[in-house]
Amino acid sequence: MSPVLAGVLQLLALVAALALAYRPLGDYMAGVYSSDKHLRVEKWIYKGIGANPNTEMRWPAYLRGVLAFSAMSVLFLYLLQRLQGSLPGSLGFQAIDPDQAFNTAASFVANTNWQSYSGEQAMGHVVQTGGLAVQNFVSAAVGIAVAVALVRGFARSRTGELGNFWSDLVRGVVRILIPISVIGAIVLVACGAIQNFSGIHGVGQFMGGEQQWNGGAVASQEVIKELGTNGGGYFNANSAHPFENPNPLSNLFEIFLILVIPFALTRTFGKMVGSVKQGYAILATMATIWLGFVALMMWTEFHHGGPAFDLAGGAMEGKETRFGISASAIFSVSTTLTSTGAVNSFHSSNTGFGGGINLLGMQLGEIAPGGVGSGLYGMLIMAIIAVFIAGLMVGRTPEYLGKKIGTREIKLAACYILVTPALVLGFTSASMAMDTPKNSMTNSGAHGFSEILYAFTSGANNNGSAFAGLTADTQWFNTTIGLAMLLGRFLPMVFVLALAGSLAEQKPIPATAGTLRTEKPLFTGLLVGTIMIITGLTYFPALALGPLAEGLAS
Amino acid sequence: MNNSVGNTARLLGAGLRALLVLTVICGVIYPLAVTGVAQALFNDKANGSEIKDGGKVVGSELIGQRYDLPLKKGQETPEPDLKWFQPRPSNGLGTNSVNTQYKLILSGATNLAGDSGSKKTKDGKEVCDPKAQEGLCAQVLAARDAVIKDNQTADYKVKPSDIPAEAVTSSGSGLDPHISPKYADLQAHRVADRNGLDVKQVEKLVDDHTDGRILGFMGEPRVNVLKLNIALKHLVAEKG
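Chains as they are written, first to last, in numbering that gives the first Met the number 0: chain G, 0 to 553; chain R, 0 to 239.
Just so you know, not all the hints are guaranteed correct.
Pairs of lysine-lysine, DSBU-like flavour, derived with a Cα cap of 35 Å [what the hints assert, rightly or not]:
#1 G:Lys437 - R:Lys102
#2 R:Lys124 - G:Lys437
#3 G:Lys437 - R:Lys158
#4 G:Lys437 - R:Lys119
#5 G:Lys437 - R:Lys130
Listing some non-contacts, in silico: residues in chain R with all C-beta distances to chain G over 12 Å [as the list claims (entries may be wrong)]:
#6 Asn2
#7 Tyr155
#8 Asp184
#9 Asp192
#10 Leu196
#11 Asp207
#12 Leu234
Distance windows between CB atoms, simulated [said to hold, decoys possible]:
#13 G:Gly273 - R:Thr209: 48 to 58 Å
#14 R:Ala141 - G:Thr287: 35 to 45 Å
#15 R:Val97 - G:Val186: 30 to 40 Å
#16 R:Glu237 - G:Thr287: 50 to 60 Å
These aren't lab readings, by the way, just hints derived from the structure by calculation.
These numbers were taken from a predicted model, which means no experiment stands behind them.
Note that beta-carbon positions come from the ideal geometry of N, C-alpha and C, so glycine has one too.
Next comes chain G alone, as it looks inside the complex:
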């Protein structure tokens, strides 16, 4: 069997598995966020928090909950790293420097998981398992909560109430993320991922002497790293490390985990707004872009343009033998089109165009299918922009899901889509204009520029993958990328929740013959086009200086 055919079959198997999970998981999640019953364990948790889970919140209250919880998370994670030297179970690892501790705390709370440290030589059990892995769960649950609040904004009328943040947060963790993680972690261990607390120990070698390894709760962190579209590796090599991703089956399973919640949330959305067809239209948009990007990535990586790849006879630099080209290509696209940023091959050693595809995937705003929750709300914002453009073309006031898209709604949607490009292009330009940040580049020329563009694209879009040649552990990058991650996560959430509040207050308008049918393929086409044009107009000049220049020269 040829590697290309094997790749296509792996893709088909993945699609089949996602399709099987779509309805049950989507319906289940809709039930979780619609039910008014609390589990016993949840009641204990609410007691611990001291919050009444039945209080309905308007958007400012919901937002305050998100921000208070996230602020405390940043502070807690920062202190945990700063105090690492004095904590038990830290394997002798010392306190993390202030700039790096800020960067890492911001990174994990913002669901980005950009890492300017190397896991195996910086973080002990307590920080990894009790700090970083916890944020993998809760930052994902916050993302889903905000998406659900927006969906409620569409579904509800003449109220302004969006649900209860604490209840949405806790249910996301207890009823969705933990159960899937427990099963997934066991599957990963069965494939060979490690799960122990043996610390750092020596292991004999064939030629004598010993290797020193870092043990740890790897499988339990790996599974939520993918499922919560987080992406922060236990080890420096992330999912290329054999202890995180031991074989081709675990690899395909990890890609499945990355994609399953973001895709299934479109079903949850459809259920909650009372028309699963609306969810299918959003799903079709996401799937079209994802499949298109996978095809492009496979093509460029098999074609292996680039002087060194030509010489080697294949683009295997930075890729593992057990995965090969196709399983690496599917992983890269899935990780950059969601907010995951885990890698099983190193993007900096992709072909020029391959690196460009990864960059563009993040620059779309990570909405195809996007991060858990953030993918859905990002896509719904694009849908609002799309109906607005369609409305302009026919001269009608745009509406979506029975809600009028007026001045306020469009202003909020426009603010949303301006945040990340402003952060990416602003910080990239600043870094290029200064003298020292450029010393961090490993490669020169177009690829060196791509390293910096990639870093801020990844940070502001909350991805976390890297053109890892960049030496990012400097005060400049730790600080600026840290800020980009926090602003790129929480500013958009402000606009999403404000939008949700304003939609929930409206009264529904009945569909008429003139209403744009947003559940039809025509709308899916319009939406794909809108996304591509907006992103293209925003980022084309930057992409031309980096990956396009590199790709066209070889």
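Go by the hints and put chain R onto chain G.
Then chain R, alone, in the frame of chain G:
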């Protein structure tokens, strides 16, 4: 004013309590429960899939290692021991720089671009300079020359087109435990020669240790270098 300060403090307090409760669930109970089940059901795998030979642990099935001669005086990098099958290059593997009380393996990739170390030809194409001193071009050139030189025997010459890509490139982790069957077959001639074995025997050994794609389509065919070398060691011992 005082009221709003009080409200903010109350809210932050709720945030902190929520974080602490969820830390107990996600950061203590969950990992311990998973560890318990993993250790009970898949003890071997949960602890790193170690392989024993002659009663001694010789490494992990999952983690690549080097098969080098002892370092001679004045050498900075050891030479490969050509009696044994050789793994992929691992130029991205790092050395432990932070917590230096350990000699940890620091996994990683080179992160070099495909056009690093290249030069422009007259018609504007980027190609690898045959005398490249740096970048990925230099690494691939050096690795290719070494594969050609190391593997030729009296009756076997290596053609550059026979060398698979993974043999001259570094993996993502730097710890890739595998090589492709093609690279193993290429090395079979040299390994047979150095160990006084028949090439056919060594080729059969490679075949026996080739893992196909899982279910016929997942991943790529591969040979585990450690397992192959252990089998080779036994084969040599039987002959001797």
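Check the structure against each numbered hint from earlier and tell me which ones fail, lowest number first. 3
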